Amino acid sequence: MPFNCHNDYKMKFSLEEEYPDLSQHNNHMAKALTKEIYEKLRSKSTPSGFTLDDIIQTGVDNPGHPFIMTVGCVAGDEESYEVFKDLLDPVISDRHGGYKPTDKHNTDLNWENLKGGDDLDPNYVQSSRVRTGRSLKGYTLPPHNSRGERRAVEKLSIEAMTSLDGEFKGKYYPLKDMTEKEQDQLIADHFLFDKPVSPLLLASGMARDWPDARGIYHNDNKTFLVWVNEEDHLRVISMQKGGNMKEVFKRFCVGLQKIEDVFKKHNHGFMWNEHLGFILTCPSNLGTGLRGGVHVKLPKLSTHPKFEEILTRLRLQKRGTGGVDTASVGGVFDISNADRLGSSEVQQVQLVVDGVKLMIEMEKKLEKGESIDDMIPAQK
Amino acid sequence: MASNFARILSSKRNVGILSLVGAGSLSVGFFLTREQYVSAGAQVRRLYPASADYPDLRKHNNCMASHLTPALYAKLCDKATPNGFTLDQAIQTGVDNPGHPFIKTVGMVAGDEESYEVFADLFDPVIKERHNGYNARIMKHPTDLESSKIRGGQFDDNYVLSSRVRTGRSIRGLSLPPACTRAERRDVERVVISALAGLKGNLAGKYYSLTEMTEKEQQQLIDDHFLFDKPVSPLLTCAGMARDWPDARGIWHNNEKTFLVWVNEEDHTRVISMEKGGNMKRVFERFCRGLQEVEHLIQEKGWEFMWNEHLGYILTCPSNLGTGLRAGVHIKLPRLSKDPRFPKILDNLRLQKRGTGGVDTAAVGSTFDISNLDRLGQSEVQLVQTVIDGVNYLIECEKRLEKGQDIKIPAPISQFK
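These protein sequence lines are chains A and B, in that order.
Residues 1 to 380 in full-length UniProt numbering are what the first sequence lists, from first letter to last.
Residues 1 to 417 in full-length UniProt numbering are what the second sequence lists, from first letter to last.
To be clear, the hints were calculated from the coordinates, so they are not data collected in a lab.
Watch out, some of these pointers could steer you wrong.
What the hints assert, rightly or not - Distance condition first, Cα-Cα at most 25 Å in a straight line; then the derived DSS-like pairs of lysine-lysine:
(1) A/LYS100 - A/LYS380
(2) A/LYS44 - B/LYS79
(3) B/LYS79 - A/LYS181
(4) A/LYS12 - B/LYS301
(5) A/LYS176 - B/LYS79
(6) B/LYS344 - B/LYS257
(7) A/LYS318 - A/LYS265
(8) B/LYS104 - A/LYS12
(9) A/LYS250 - A/LYS265
What the hints assert, rightly or not - For each label pair, taking beta carbons as the anchor points, the in silico distance ranges come out as:
(10) A/GLU159 - B/ILE138: 48 to 54 Å
(11) B/SER66 - A/GLU159: 33 to 39 Å
(12) B/TYR48 - A/ALA188: 33 to 39 Å
(13) A/GLU182 - B/SER66: 27 to 33 Å
(14) B/ALA71 - A/GLN183: 52 to 58 Å
(15) B/HIS100 - A/LYS264: 27 to 33 Å
(16) B/HIS100 - A/LYS365: 44 to 50 Å
(17) B/ALA71 - A/ASP21: 53 to 59 Å
(18) B/ILE413 - A/HIS65: 35 to 41 Å
(19) A/GLU260 - B/ILE103: 32 to 38 Å
Predicted model only: the values in this text are computed from it and were never measured.
In this text, a Cβ means the ideal position worked out from N, Cα and C, and glycines have one as well.
Make a model of the complete structure from these sequences and hints.
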């Protein structure tokens, strides 16, 4: 982020003087950032100029979140994860269930490997959705990028998306030049993303220059959607009403492959490595960056005392239907995979499919007044 | 401008300023690029030509956007102050905030004293527009804190509910809130509270750090209307001045609760003198005395305020250059405020109205905050006198309207005396 780039000037102050006060803080960065690590890393900078204070600013400014343990740090470029390993490795380990610096991440975007998933009961499952993020190699990330870079990302993304055909054919709407009519339609479709208001995002600098070079692409069928330059270079979303997660996942995988081909042609393929999988701005989205989920009606199960435990065992998480940090409305929950790193896309979507199926069975049982005690799953 | 460096070099302060500003750089003046300050391992990013990075300001209405042409951007975009503050940082708030519904905002900030010189080609026209044609290259700003020169200044308490004078001061040698490191911000806090601890008599008081305040203290400060909170205005947050909140932020006030200092909010310090009722003369007397004593106390330790003869006191926002002074009253003007001539009267008296919640608030009932419009080009004494004379005129108008008499729009008073 631009506010911390005068690192050499800062080095003339001592460690004690510069070390942030994290005594009130409860996020992954604050847990991991000892004085020793701060001292070791404070003189460093990635080749593009991203520094330790840039990495941690959001975590310093936002001591904690009422509902979830936030990450409290971001990457400014691909190299951040290497240059600042000493901080990011423990953060990654803490966030991703003990993932070790030597572990390898498995990427599997072969939709045919998904078993079932095409028959989730539409009486319960209102909609199905899979999203991920992608970063373009060779460009810095939203917390750090200049206007020129952000525009270059947009330009290349537009080229990739307008090359799509068949069910992916669609249109790009730049936020800057949108008409009122287009805006209203995108809002009605629940596609429009707005300038972030969360201080978690604002403090990292990713909302600079809004709405320059930000936009939305969606196909004519409104089932494949790409956000450009919001929290990541790209957020790719496949969605549809009903419970056919398999179809959603197939479209997701095929669409991603098609646009990747275009980026690769320009030597700006996706940032990826065999240890961290897909590289994204927030360490919480490393690996698959995938959140696959459904909006599902579980009024009885959600009030069952074992609901949370069931979710944990199934490696799932719940959110309200407004997304992260919202509450559920009318017993309808957003249920999605909890993991991102250490398991593949197929594995994570499989967990959602199998888990939601089981929970619907439980809901049906509870409707009939029967017990679900013998259905409680083992820890996956 | 060379005189500023001379002042820094001669200060007894024990901070390695010379190690920062290498000897060679002095001879080339302020126009230094960041390359010289980046360590051997890191490269400086300028992968894109200026035209690729030039912001889209077509929908913008602020002073920065009015003056930042693509050519000017190209000229300044790879410059940095000795501390590393860049043009992009200076203008970020104006890029992120296209315009304000009621007032034309400035749209840029300084990160340090040198910003005003390194980016003079942009700051100068912005200053000129914001301060009624003030030419910072040529004109000299008068500083005058001799409160004994004030004539009158005791308002009718039936109309004036309270009187207040505020300004800001920056500590020379430490970066300003948009750019300061945590260490610098903590240094500002240390220097300022050490000085304030030396105040005596009716200025003696206590410091309340935002990080260590007790619940009880916090409630008292809220009740006194003294507590300031983390800025929420995007004009401020986009400039980066809320980073690391609430580290090294705090409030100091005297025991009588008539002299108040904010530490590390939008500026290094904001100094406020206030009291209920209409004794503006006494408020200003205390203001000047307090400022002069604080200045004396910091000088004893080898520090000084940022100031120069063209721009007066240097503050974060160009709108506060010069005196940084806003002197005002909360005043009841039920009849005058409804008169259609009210805005013109205020304008000619060089006054502005705000709601009683401060900038960007609406008036409650018919009580207004009336204060001076100008900051730069006139001295503190002149501006406070302007407020005193102007408020007296407004009260006269209100009284005349009460008696059913007519009022007159006064002739416009001249701006630069």
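So, going through the hints one by one against the coordinates:
no., hint, in the structure
1, A/LYS100 - A/LYS380, "holds (20 Å)"
2, A/LYS44 - B/LYS79, "holds (22 Å)"
3, B/LYS79 - A/LYS181, "violated (42 Å)"
4, A/LYS12 - B/LYS301, "holds (21 Å)"
5, A/LYS176 - B/LYS79, "violated (29 Å)"
6, B/LYS344 - B/LYS257, "violated (35 Å)"
7, A/LYS318 - A/LYS265, "violated (39 Å)"
8, B/LYS104 - A/LYS12, "violated (39 Å)"
9, A/LYS250 - A/LYS265, "holds (23 Å)"
10, A/GLU159 - B/ILE138: 48 to 54 Å, "holds (52 Å)"
11, B/SER66 - A/GLU159: 33 to 39 Å, "holds (35 Å)"
12, B/TYR48 - A/ALA188: 33 to 39 Å, "holds (37 Å)"
13, A/GLU182 - B/SER66: 27 to 33 Å, "holds (29 Å)"
14, B/ALA71 - A/GLN183: 52 to 58 Å, "violated (34 Å)"
15, B/HIS100 - A/LYS264: 27 to 33 Å, "violated (45 Å)"
16, B/HIS100 - A/LYS365: 44 to 50 Å, "violated (58 Å)"
17, B/ALA71 - A/ASP21: 53 to 59 Å, "violated (44 Å)"
18, B/ILE413 - A/HIS65: 35 to 41 Å, "violated (54 Å)"
19, A/GLU260 - B/ILE103: 32 to 38 Å, "violated (48 Å)"
Consistency with the previously given hints fails for numbers 3, 5, 6, 7, 8, 14, 15, 16, 17, 18 and 19, ordered from lowest to highest.
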